Amino acid sequence: MLEAHTLTSMLRCVRCKTSLPHNVLDTANWTRCPVCRSPFRMLGFPAAFRKFDVGAGSASVLAEGQSSCFYHFQKKAVLPCDGCGRFLCSLCDVELSGQHLCPGCLETGRKKGKLKQLQNHRVRYDTISLSLAVLPVLFLVTIWFTVFTAPAAIFVALRYWKIPSSLLPHSKIRFVVAILLAGCQLAGWAWLAVFLLRQRVS
Amino acid sequence: MAKKEKEYQRLPGRRRSLTGTCTLWLGPDHLLRVDSHGYAENYKRFYYRDIQSIVLLPTPRRQSLLIGWAALGTPLATLALFLGGVSGIILGSLAGLAALMLAVAWLRGPTCECRLQTAVQTEVLPSLNPVHTASKALKRLQTRVEAVQGKLGPEFFLLETTAASDTSDLFHSSPPPESVPGAVQPGLQQPERLVRHSSGTSHAVLFSLLLLDAATTATDIAVNHLALTLAGVVIYLALTAAVIVALIQQSRTDIGRFLRWQVLACLGYVCTSFLLSSAYNMASGLTTSLKNGRRVDSQWDMLVALSETSAWDSPWLMGLSIFSIAASLAIAVPGWVGLVRFWAQPAPLSSSEPLDSSIRI
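First to last, the protein sequences are chains A and B.
Letter by letter, the first sequence follows residues 13 to 214 in the numbering used here.
Letter by letter, the second sequence follows residues 82 to 442 in the numbering used here.
One chain only, chain A, in its complex shape (with noise of 0.2 angstroms):
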């Protein structure tokens, strides 16, 4: 580990960008640059001395017989995709949490959400439908709108049920009080209309 440092570490003081000692890392109190005099407190790592790794080149065949890369005729396959199967060569390996892919599976992953590691955005369906459920409630003025929005609200919960709507620890009960709060909305409407229509007839 010790072979694998740069010539200059990049644990540097945030203002001055001097390089800092070690007895200025990891302090239990707010230490000082030694140059700048700048406050601050620093914990560094070993990944701060580390060397970047020269990506490797990948092999041409060199026998009759040897395998090639799918993307890459001219190139000694080294091992197959874990996604689709198809021998590719050390340009086109693409590891990912231990898994080896190709570009073209990596692409699919991301796009169809399959690879949770690329997913960097995702919407929150239950918090939409909970909206929905409870924000047309607590003004007078839009309790209207509820004809509209209780549908809505359990439409979204069913609908994206089984999607999951964070990469966070989550429960589904927005989900379950969107529902039976959209639920008694409705109740309440048709209720009104069995009411006004015995109304009339009465």
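Incorrect hints may have been included.
[To be verified] Each computed DSSO-like pair below joins lysine-lysine, with the alpha-carbon atoms no more than 30 angstroms apart:
{"no.": "1", "chain 1": "A", "residue 1": "K29", "chain 2": "B", "residue 2": "K217"}
{"no.": "2", "chain 1": "B", "residue 1": "K125", "chain 2": "A", "residue 2": "K124"}
{"no.": "3", "chain 1": "B", "residue 1": "K232", "chain 2": "A", "residue 2": "K63"}
{"no.": "4", "chain 1": "B", "residue 1": "K232", "chain 2": "A", "residue 2": "K126"}
{"no.": "5", "chain 1": "B", "residue 1": "K87", "chain 2": "A", "residue 2": "K29"}
{"no.": "6", "chain 1": "B", "residue 1": "K232", "chain 2": "A", "residue 2": "K184"}
{"no.": "7", "chain 1": "A", "residue 1": "K63", "chain 2": "B", "residue 2": "K125"}
{"no.": "8", "chain 1": "B", "residue 1": "K87", "chain 2": "A", "residue 2": "K126"}
{"no.": "9", "chain 1": "A", "residue 1": "K123", "chain 2": "B", "residue 2": "K217"}
{"no.": "10", "chain 1": "A", "residue 1": "K174", "chain 2": "B", "residue 2": "K125"}
{"no.": "11", "chain 1": "A", "residue 1": "K123", "chain 2": "A", "residue 2": "K88"}
The hints are simulated quantities; they were obtained by calculation from the structure and are not laboratory data.
Bear in mind that the values here come from a model prediction, so they are computed numbers and not experimental data.
Knowing the structure of chain A, use the given hints to seat chain B on it.
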């Protein structure tokens, strides 16, 4: 049956803003930053193997909040005592609210900015804002990162120093860094872009003008004279110029963060004071015209009318004067204390001249 372990564990701290909230979560092999914007979440991953350093920098947010709430609450409380009645109750309630906010800011403790650095980016972690929260969170994060990377020992630095000196011998025939006057400790490399040493003169002028402004306003409450009003206007204009000069002067210097924030607070005071004074002058000019039948056509007429009005007769002018005095003192006094401390520190570099290029790596 063993309970299924959660994939993500929440780190303490949450930053709320108008656009949403920001939280941090410890994952199996990465730190996850979650920015929630109501109906959507954005994620950013920092893999433990890539984290190079985490830096905490003290921020003057707490001091600014304390000064701000005190500067707001004091004139409100004073006005409430002066006015009494319903207005007094309303202003008193607002002063109480300011006092409550001041207490909350005090109890939250000192604040900091947390920056996480990898080989390709430096990211601010806004949820780790109070120092005690950041310390708690960093302890847990440090354990995870060290479990992946190992501990950073002094052996890394020894190797680096050796390698650096060997290389410098190859490229430079000039004396080593230790022999250069004013050079830094061995093992430290000078940056490419140096910060200048500030003399602090512009800040001293600014804080002196603020004290003068407070004194003039206080005298103006007691004595009504055109000369005093004129002096106040001249001091205000000088203050505006001094703020601009201080802002320019402090750029890329070693002046402390606290003093920088004091200058920004002064800029805020100058702008607020301008808005409030303009509103008052317009209203008072209109009132004078209606009451006395005297036309207020020019700035001079307005100045004369203002000099003839006693602060004791107008509660709004009294409020404005008290705000001016409180804000000036709230900025100038801590500013001077900070400046004296800054002057007491030894200057890291002897002058603003760049160091000899031979000691740069």
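The hints, checked one at a time:
1. As the CA atoms of K29 (chain A) and K217 (chain B) are separated by approximately 27 angstroms, the hinted pair is consistent with the 30 angstroms bound.
2. Taking the CA atoms of K125 (chain B) and K124 (chain A), the gap is near 19 angstroms; set against the 30 angstroms cutoff, the hint holds.
3. Simply put, K232 (chain B) and K63 (chain A) have alpha-carbon atoms about 17 angstroms apart, close enough for the 30 angstroms limit, and the pair holds.
4. The suggested pairing of K232 (chain B) with K126 (chain A) is violated, with an alpha-carbon distance near 35 angstroms, which exceeds 30 angstroms.
5. A hinted pair counts as satisfied when its Cα atoms are at most 30 angstroms apart, and K87 (chain B) with K29 (chain A) does not qualify at roughly 39 angstroms.
6. At roughly 41 angstroms between alpha-carbon atoms, K232 (chain B) and K184 (chain A) are farther apart than 30 angstroms, so this suggested pair is violated.
7. With a C-alpha separation of about 24 angstroms, the suggested pair K63 (chain A) and K125 (chain B) falls inside the 30 angstroms cut-off, and the hint holds.
8. For the hint pairing K87 (chain B) with K126 (chain A), the CA-to-CA distance comes to about 20 angstroms; that is within 30 angstroms, so the pair holds.
9. The hinted pair formed by K123 (chain A) and K217 (chain B) fails the criterion: a straight-line CA distance of about 37 angstroms is larger than 30 angstroms.
10. For the hint pairing K174 (chain A) with K125 (chain B), the CA-to-CA distance comes to about 24 angstroms; that is within 30 angstroms, so the pair holds.
11. Distance restraint check for K123 (chain A) and K88 (chain A): the Cα-Cα separation of roughly 29 angstroms lies within the 30 angstroms cut-off, and the hinted pair is therefore satisfied.
Consistency with the previously given hints fails for numbers 4, 5, 6, 9, ordered from lowest to highest.
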